[in-house]
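**Student:** Going down the list, the protein sequences come from chains A and B.
For the first sequence, my numbering assigns the number 1 to the initial residue and increments by one for each residue that follows.
For the second sequence, my numbering assigns the number 1001 to the initial residue and increments by one for each residue that follows.
Any given hint could be a false lead.
What the hints assert, rightly or not - Below, computed lysine to any residue pairings styled on SDA-like, alpha-carbon distance capped at 20 Å:
(1) B:Lys1010 x A:Gln289
(2) B:Lys1116 x A:Glu440
(3) A:Lys20 x B:Ile1038
(4) B:Lys1116 x A:Val370
(5) B:Lys1106 x A:Asn286
(6) B:Lys1010 x A:Asn286
Quick caveat, the hints were computed from the structure, so don't treat them as lab data.
Spelled out, the chains give:
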Amino acid sequence: MTISAEEIYDDGPLYEAAKKVYPQKVSGTYRRLKWIVLWIAVGVYYILPFIRWDRGPNLPDQAVLADIAHSRFYFFFIQIWPQEVYYFTGLLILASLILFLSNALFGRVWCGYACPQTVWTDLYFWVERRIEGDRRERMKLDAAPWTADKIMKRAAKHAIWLLIALATGGAAMLYFVDAPTLMREFFTLRAPALAYIWAGILTFTTYALAGHMREQVCLYMCPWPRIQAALTDTDALNVAYRFDRGEPRMSVKDAARARAHDQAAGDCVDCLQCVAVCPTGVDIRNGPQLGCINCGLCIDACDAVMTKIKRPTRLIAYDNDENRERRMRGEANAFHPIRPRTIMYAALIVLTAGIMLYVLTTRSNSHLSVLHVRAPLYTQTAEGGIRNGYTLRFSNKLADPEDFTLEVSGIPRVTLSSVVAKPLSDGRSSVRVDPDSTLEVPVYVTTAPDVNLAASSTPLTFTVVDPKTGERNVVVDHFFGP
Amino acid sequence: MSADPVQVDKVSGQTTTGHEWDGIRELNTPLPRWWLWIFYATIAFAFVYWIFYPAWPLVGSFTPGILGHTNRAAVLQDIAFSQSVRKEMAAGLEKASLTQIEGDPKMLELALAQGKAAFGDNCTPCHGAGGQGQKGYPNLTAGRWLWGGTLDQIQTTISHGIRAPDDSDTHTSAMPAFGKDGILKAEEIRQVANYVRTLDGLGPEQGIDVAAGKKIFADNCVACHGEDGKGNIDMGSANLTTKVWLYGNDINDLIYTITNARNSTMPAWGRRLDPETIKSLAVYVHSLGGGK
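Using the sequences and the accompanying hints, generate a full structural model.
**Tutor:** Below, the structure is given as structure tokens:
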């Protein structure tokens, strides 16, 4: 088929109009599973900020809290300071590896069941269906003129959508400040303006993405379908139309007639139920495609039809190319969850998780950093000694004030002086650092007048000990001289 | 090109754009409509921006926009805000004595931070970024002070300056220009300069009568610098026995100093900075390692 160039260039559309999708109600195994995952996901989202976790009197007791104002992140026993943000990198690596593994086993199940876009869109579909009715009623309502009934239905739908959006956007704020306090302040209009602004922004995005954008997010915005296409293989289970069994499509009567005459007849009766229930509006019988989020609702729809016409179910099923070829050879289906790819992903997950766990459990509660004062690099004192300045920064990650002892070694008979550190009787110094904070301590190290330094740069060791926890921080810097 | 027949791709059912490279044809995949709308919305946004914000250059100026926004005003507002915050934080420093500030960890932290910033803004050009000084500008880290190195003495010096013409309480003292004013002859100056170097343990030049220099010192210098050459912080006379020299201990530097006198100056910062800043500066300078 050829079309003349003029037809395309002169009249071709500048854009692709979105085809409105009216997913039909469906019930079955995967629909049930989707509801369970939905309620777990929504439940976790709302309950998590209210879980308490005791960290002592000076720290917040919210289990999961991104405390932007004080630049701390809390996750149960984990507490992360801004300079430790690389822990997030580890979490992100872990999350992607788990996503890859789930993809190697069951394709895009994340998209179909757990992705917030799917969960909230599903919730919005449910509201829409309760108010405007199922697929046919909704199509009819869309085409109908604006009567009072239509206005009422539309107003109710959007009002409830907005309420859900507000509850979603508002709840996101609970992860950034103390949740019960914010709840009180939010509804008594005493919360900070920023909380309302962000709740407003997230309300808008939830309403727009789950209410209006829907499958467009998956088709045009999300990078995962593109990446996933490059990651998948012939063993991963994807929702697939078993065309080896389904083709050629024909009605039940035609099939009976064809079979009576020993002609080929497929099980697919072309009822289009799989298309009607699809939340992204694809026809799964066209094979694996970008729009398919692997949710399995078409399996439920097809199974219902197959049961009704007394044919075996799972004409559409979680399947792979491997199995199709086996069936065509007359062999039974086989699924290989354990294969080099999944073993490698699992090993990487265990490795990453192991490293993360080790690093987090052995994370020290204190830290010392030493910065040599560059100007002046050294000073000749009036008494004749050489003096070097250092800026020490102590970090105390515990919930109590800690008294650290500071000791300097590496050069004989040096004295340490500082306005912040207090000298102890044994020659060491003591530095008190407030709970959950850092302290800058300017320190001067001076040699005795008669000491001759062997080199212009001598290693100098700062040792900081927390006597309460026994934790040691040792930093080697340099002492400069003429 | 318009004469080329445009084909429909068999696999996807999509039309092609007619662009072809080595037999591969580009599918025609238009943007979704909402995407196009967002693109138009950004264009509309530009018009709105022109109305509200400074946008178009004119010959000598620019269109100001009806909000009257300028970056400079925004910066000034930010500065005013941070100054008000700082004022609030520094309120405690105003009442406390310098010793109290140094003894209280919270006030000390604030004073050091504020002092460091003020030092960088005001003192660094002469005294160096870390207070190390340079020739003619005292090293504040070495523990040698012309006018005293205690907290209070440092505060006084910063507030009133040294030989500051606009402050009646300023530190004043004047070393005579022994050579220029004809008090000593060049030979005598060389002798006394060599003697002064011995006070710091430095050897004299060959063939110089150090004893004569000592006599000249006793006759002319002890009134201010003391018999032992240790100076006197009440009159700002230098201690000549330390390793630290404001104008250097090279013999020629010393001869120049004795011949012409130096008598350098420092501004009275009390006239330019508020009392809390002066206090913070005193605490900071005292903390630089040389404080007494």
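**Student:** Under the constraints set out in the numbered hints, which ones does this structure not fulfil?
**Tutor:** 5
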